[in-house]
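Asker: With the hints in hand, could you dock these two chains into one complex?
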Amino acid sequence: MADEPRKVGVYDTDGNRTATGGAAGSMNWWVIALVVLVILALLYFFL
Amino acid sequence: MNKKTIVALYDDLSGAERALSELEAANLRQDFTMMGADSAKLGSSASLATENRLESWRHAADFGEDPNFDARDRRVSMLTGIGVTREDADVFAEGVRRGGVLLVGRVEESMCDSALAVMQRHGSVNIPGRAQGYREAGWSGYDAAAADYDSAQVAEERRRAAAASLRDVNTQGVNTQGANPAAGAPAATPTVTPAATPTGRVDVNRD
Numbered sequence: 001m002a003d004e005p006r007k008v009g010v011y012d013t014d015g016n017r018t019a020t021g022g023a024a025g026s027m028n029w030w031v032i033a034l035v036v037l038v039i040l041a042l043l044y045f046f047l
Numbered sequence: 001m002n003k004k005t006i007v008a009l010y011d012d013l014s015g016a017e018r019a020l021s022e023l024e025a026a027n028l029r030q031d032f033t034m035m036g037a038d039s040a041k042l043g044s045s046a047s048l049a050t051e052n053r054l055e056s057w058r059h060a061a062d063f064g065e066d067p068n069f070d071a072r073d074r075r076v077s078m079l080t081g082i083g084v085t086r087e088d089a090d091v092f093a094e095g096v097r098r099g100g101v102l103l104v105g106r107v108e109e110s111m112c113d114s115a116l117a118v119m120q121r122h123g124s125v126n127i128p129g130r131a132q133g134y135r136e137a138g139w140s141g142y143d144a145a146a147a148d149y150d151s152a153q154v155a156e157e158r159r160r161a162a163a164a165s166l167r168d169v170n171t172q173g174v175n176t177q178g179a180n181p182a183a184g185a186p187a188a189t190p191t192v193t194p195a196a197t198p199t200g201r202v203d204v205n206r207d
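As given, the protein sequences belong to chains R and Y, one line each in that order.
Numbered per full-length UniProt numbering, the first sequence spans residues 1 to 47.
Numbered per full-length UniProt numbering, the second sequence spans residues 1 to 207.
So here's chain Y without its partners, still in its complex pose (with noise of 0.2 angstroms):
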């Protein structure tokens, strides 16, 4: 049978975490793993049993690499090895260094469409918007070299990500019910505008 790759990143966990539940109840999990989920923590008081649970979201699919895949100087080796393009590669790499969560799946062609439809129902990141947006502010290429951001300049860069989501929602009038872009996000910054959610949230569907 005929696999497709397919990727998708996330500002957060949670987000990463409701579609990766939701590929369960598809019975698609096993065709999942989790990149990022340690630096994506960063912040937040993981209890016992969020570090198991993400212990076997990590592992839930076997791709047969190197077990340490999630390594700085890896990430991009990883995701080329199993067909991302060198371009998308990087600004997942780059999405995981700066606090972002990547699901990575292979799945079945006929399966693809569904799974689809879940990982962007949970809020996954516009590539071409993020890279965009990385290139608009200096940056060229992931850089295995760099560290990766700290909790500050995790949160820092989600509260980015979050205004960023919503001036798009606002100039291209989409419809604010649904998916949940910048879901778990600390609160919106004071850019929000009246059209957010009392939680700083905003749901989209771009279906």
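Excised from the complex, chain R in its bound form (with noise of 0.2 angstroms):
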């Protein structure tokens, strides 16, 4: 199989497929905010 087995199709009205099992679509939100905060840090500490 090419993609990943997805036996449930689960989407917010606004017509965007959200991962199965809930919590893995707003996480991409935290990695986002994380890496810019270790970006900030970094910046802050060797310029």
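Note that these hints are calculated values from the structure, not bench results.
Please note that the accuracy of each hint is not assured.
Computed list of chain Y residues with no C-beta within reach of chain R, every gap over 10 angstroms [stated by the list, open to error]: (1) ARG18; (2) LEU28; (3) ASP150; (4) ALA152.
Going by beta-carbon spacing under 10 angstroms, a handful of chain R positions derived as facing chain Y [what the hints assert, rightly or not]: (5) GLU4; (6) PRO5; (7) ARG6; (8) LYS7; (9) VAL8; (10) GLY9; (11) VAL10; (12) TYR11; (13) ASP12; (14) THR13; (15) ARG17.
None of the values given here were measured: they were computed from a predicted structure.
Backbone N, C-alpha and C fix where the C-beta goes; we use that ideal spot for every residue, glycine too.
Answerer: Here it is as structure tokens:
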């Protein structure tokens, strides 16, 4: 199979597919925020 | 409260009914409706009791749409209207055209995981896998002008789905205890391996 098995489709009402299991969809924001914080911290220490 | 739309495709009515019964036990039935039950019961001798039961399943939830949403030319628009992506809506509508049954629900986000677990437990179809299977057979998208499958085509489609499901199980080495991907489908084809149970059903637990 080319794609991950997905046996139930979960969608927001605006048509965006949500990852099965719930929390994964919002996790991306935390990852992005964390990366930005790390970059800012590195800039603070090295500049 | 924030609601999610959740949709599962089943190859036959029995899987969808079992899922809906369990959702009823979890007090979630009012959030669900069924699409495709009419074509899915093709080939079975539906009693009056079955007819009445199907009628109640169909109207379990009121989504406020046209009551005739099950019509061929409204399947995709009904699904996209409640948030389903166009790509998935095409696959779901094609599944219904080929004799499958959809469970469509709008549930509170807090209840989403519970509903998902129930729906998966009763043999819902792997959506990307099914889409790939359709495409490999030359399908390019749902065509509302194409007629629904007749009973012979539905039976053949279910045999094909059961065989494909067994191939997946055998190639992926999944534990064969639990859910029932081809429940109610006709006996498996000669491609069934010795891993199958005597009834031709294979229980899959992907948890």
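Asker: Quick check on ASP12(R) please, does its C-beta sit within 10 angstroms of some C-beta on chain Y?
Answerer: With a closest approach of 6 angstroms, the ASP12(R) hint holds.
Asker: Let's test the interface hint: is any C-beta of chain Y closer than 10 angstroms to that of THR13(R)?
Answerer: This hint holds: THR13(R) lies near chain Y, its Cβ roughly 4 angstroms from the closest one there, short of 10 angstroms.
Asker: Once the closest CB in chain R is found, is it more than 10 angstroms from ALA152(Y)?
Answerer: Non-interface label stands for ALA152(Y): nearest chain R Cβ at 27 angstroms, farther than 10 angstroms.
Asker: Is the interface hint for GLU4(R) satisfied, with its Cβ closer than 10 angstroms to some Cβ of chain Y?
Answerer: Holds - the Cβ of GLU4(R) comes within 10 angstroms of chain Y, reaching about 7 angstroms at its closest.
Asker: For the restraint on VAL10(R), tell me whether the closest CB of chain Y is nearer than 10 angstroms.
Answerer: holds, 5 angstroms
Asker: According to the definition I'm using, a residue is off the interface if its beta carbon is farther than 10 angstroms from all beta carbons of the partner; does ASP150(Y) meet that for chain R?
Answerer: The assertion about ASP150(Y) holds, with a minimum of 27 angstroms to chain R.
Asker: Would the hint on LYS7(R) be counted as holding, given a Cβ-Cβ threshold of 10 angstroms to chain Y?
Answerer: Constraint on LYS7(R) satisfied, holds at 4 angstroms.
Asker: Under the criterion of a CB-CB separation shorter than 10 angstroms, is ARG6(R) in contact with chain Y as hinted?
Answerer: Holds, because the Cβ-Cβ distance from ARG6(R) to chain Y comes to roughly 5 angstroms (cut-off 10 angstroms).
Asker: Is the interface hint for GLY9(R) satisfied, with its Cβ closer than 10 angstroms to some Cβ of chain Y?
Answerer: At 5 angstroms from the nearest chain Y Cβ, GLY9(R) passes the 10 angstroms test, so the hint holds.
Asker: Compute the least Cβ-Cβ separation between ARG18(Y) and chain R, then decide whether it is above 10 angstroms.
Answerer: The claim stands: ARG18(Y) keeps its Cβ more than 10 angstroms from every Cβ of chain R (closest is about 14 angstroms).
Asker: Taking 10 angstroms as the limit, does the beta-carbon of TYR11(R) come near enough to a beta-carbon in chain Y?
Answerer: holds, 4 angstroms
Asker: Given VAL8(R) was flagged as interface, is its beta-carbon under 10 angstroms from a beta-carbon of chain Y?
Answerer: Status holds, d = 5 angstroms.
The structure agrees with every numbered hint stated previously.
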